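Here's the letter readout for the chains.
Number of protein chains: 2
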Amino acid sequence: MIRLGMIGFGTQGRKTYGKAFWEGQIEGAELVAICYTNPAQLAWVNENHPEIKTFDNADALYKSGEIDAVLIVTPHYDHPALAMQAMDAKIHVLIDKPAGVFTKDVREMNAKAAESDVVFAIMYNQRTNPIFRKMHDMIHGGELGALKRFSWIVTDWYRSQAYYNSGGWRATWKGEGGGVLINQCPHNLDLWQWILGMPKRITAFTHEGKWHDIEVEDDVTAYVEYENGATGVFITSTADCPGTNRFEVLGDLGKLVFENDKLIYTKLEMSEREFSKTNTEMFGRPNKETTEIDCTGDYPQHVGIINNFVKAIHGEESLIAKGEEGINGLTISNAIHLSGWLNTPIELPLDEDLFLAELKKRWK
Amino acid sequence: MIRLGMIGFGTQGRKTYGKAFWEGQIEGAELVAICYTNPAQLAWVNENHPEIKTFDNADALYKSGEIDAVLIVTPHYDHPALAMQAMDAKIHVLIDKPAGVFTKDVREMNAKAAESDVVFAIMYNQRTNPIFRKMHDMIHGGELGALKRFSWIVTDWYRSQAYYNSGGWRATWKGEGGGVLINQCPHNLDLWQWILGMPKRITAFTHEGKWHDIEVEDDVTAYVEYENGATGVFITSTADCPGTNRFEVLGDLGKLVFENDKLIYTKLEMSEREFSKTNTEMFGRPNKETTEIDCTGDYPQHVGIINNFVKAIHGEESLIAKGEEGINGLTISNAIHLSGWLNTPIELPLDEDLFLAELKKRWK
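Just so you know, the protein sequences line up as chains A and B, in that order.
Going left to right, the first sequence walks through residues 58 to 421 as my numbering numbers them.
Going left to right, the second sequence walks through residues 58 to 421 as my numbering numbers them.
Relax, there's no trap hidden among the hints.
Chain copies aren't distinguished; within one or between two, either way the pair holds.
Below, simulated DSSO-like cross-link-like pairs (lysine-lysine); rule was C-alpha separation at most 27 Å, straight line:
no.	residue 1	residue 2
1	257	191
2	267	345
3	334	421
4	345	319
5	334	267
6	334	231
7	267	324
8	368	120
9	257	418
10	421	231
11	147	169
No lab work stands behind these hints, which were simulated from the structure alone.
Since the model is a prediction, treat every value here as computed from it, not as a measurement.
Let the sequences and hints guide you as you build the complete structure.
Below is the structure:
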């Protein structure tokens with residue numbers, strides 16, 4: 058039985074992660090320790106879950122010898138340092154998303170993970186969605202052929218001003234390190250890179266405090282280019298209501314469209330590139346067939362990621378989301394910010410020092 | 058009975074416009090003259106429609122006294138000059154889309170139209186689509202409130218290389234003045250400005266000869282901003298197969314989505330801007346209701362525009378598409394080209410001299 062500690066015990070820590078353990082949804086591990094800065098919350102734990110040890114600082118938790126693994130659910134900026142400290146203490150690590158706020162920091166964490174023997178995972182629970190798994194598998198299996206275009210309109214992250222007013226750290230450069238990109242979109246940015254790979258150039262239009270009384274961006278449109286010439290558009294906002302969540306991917310052999318919890322697949326009879334060169338009819342088009350892909354199956358979300366992390370520690374499963382992969386979505390996020398700030402296209406690999414310098418300029 | 062002449066007698070002229078007259082679909086006008094440069098086609102007219110007079114130059118047609126109105130279906134560059142000549146001869150004018158290739162030329166045509174008493178229309182047949190009429194009427198009627206965002210992915214203009222090989226003038230700067238923007242998209246660009254109005258700034262990514270062996274653009278992504286802060290994305294290509302035609306418009310009071318010949322409307326119970334400021338629940342969202350809008354009704358296409366033109370001449374109807382409005386879609390088209398060429402955002406009103414100078418640089 059793996060002894061797991063959790064650092065951070067806010068809404069997500071209590072209502073999602075704690076609940077998963079207390080309702081018996083996690084196999085092979087038990088929640089034995091909680092570390093948090095808020096005494097009232099720790100008192101609640103002591104009263105309601107007296108079997109759980111409480112700590113008010115991570116150092117004490119890590120040195121206690123009470124835990125084999127840690128779930129880090131703190132503010133974004135702290136993820137890399139707390140993860141590295143755990144790795145030094147030979148404690149397995151599952152960090153919440155995002156991996157961090159700037160990739161320079163996350164790269165150090167990844168380097169330490171590479172030298173360490175611990176299991177290192179990240180809470181990309183949307184990778185357990187059967188639809189995204191199917192998109193990933195079809196595209197990586199070559200069923201769509203070479204990527205030509207994608208668009209993801211993911212504007213269903215609605216937040217009113219009340220949300221932003223609920224915590225002074227929210228939606229500040231110093232407290233969170235960004236807005237919709239860093240708080241709401243890490244899942245989407247990860248799924249994008251997981252399913253389609255990393256682009257090579259990003260041109261973005263970010264609007265800060267456009268719809269809310271906040272410092273950071275709440276409206277983003279990004280245009281990206283891939284090494285092979287494919288292009289894409291990513292659109293997000295926290296003020297669109299009703300929002301949209303539609304992810305379309307076009308390859309040389311067909312198209313996938315995710316919207317309204319359905320996945321629609323159109324398969325061409327032959328490669329479009331080949332057809333274009335060989336067809337002789339003026340308005341000829343390749344034959345095609347459209348079907349809805351069956352994506353029934355479990356969508357175990359956070360519970361699925363925690364169980365997978367535990368099984369990986371037991372050597373029974375490989376990780377759904379390796380911690381090291383967190384840098385990819387964050388790189389896209391950082392590049393979008395940087396492009397918006399500097400009003401210029403940003404090439405990847407990202408100039409991480411430049412990004413950090415620009416981010417720090419915005420700390421108040 | 059209005060005596061109508063047609064200049065240009067290619068595929069569209071014969072199979073769409075000529076056919077409409079010969080099948081008795083046009084009321085109040087008869088096709089009495091055809092002007093074309095191809096003797097074989099004129100011989101075909103003489104043999105099959107001996108009642109129609111044939112001309113091999115527009116000048117002779119205009120001076121003949123045989124026509125009251127003219128339908129101009131020539132290559133794009135010639136539209137403004139032929140229209141102005143008709144206006145001078147007091148002949149009513151219906152031009153095919155686009156209005157021309159550069160707005161400087163089209164502005165002169167509009168100025169002449171303003172001084173003239175003739176009826177001046179443009180073949181924006183997609184304005185007769187009940188779905189787009191409904192979108193136009195709802196948005197102009199205020200049902201969506203202030204515009205916040207739109208996206209139009211209109212990539213269902215597939216053309217293989219064979220299409221481009223079918224005429225040496227096709228897809229050249231000198232022959233057509235552009236690619237997908239000037240040949241395939243004029244309807245979409247017009248519908249965009251007709252339904253949503255003109256943006257104030259355009260940043261575009263145009264790719265020339267990306268998918269075909271052609272000089273001009275066959276892949277375009279444009280990001281635009283409106284005076285009120287609304288943003289939009291327009292994506293088009295002639296190489297996407299299967300393509301998409303999805304037009305989404307978000308306003309402060311709701312959303313319209315056109316796709317697959319359906320129009321889906323989501324109406325908010327209250328203004329989102331007002332909700333955001335007054336709501337007190339952390340994850341609160343305005344109540345909403347989604348319905349499919351009934352858009353049954355005639356879609357008379359080109360026949361509808363010709364009949365409307367004739368009725369406007371008879372003083373019985375106002376024009377569905379005034380000729381003068383052709384400059385709007387063309388301005389967007391020109392601005393997208395210019396932004397792509399110069400790799401910079403373009404502000405509207407457009408610098409027309411700059412556009413023309415850049416276009417001319419590309420003539421071979």
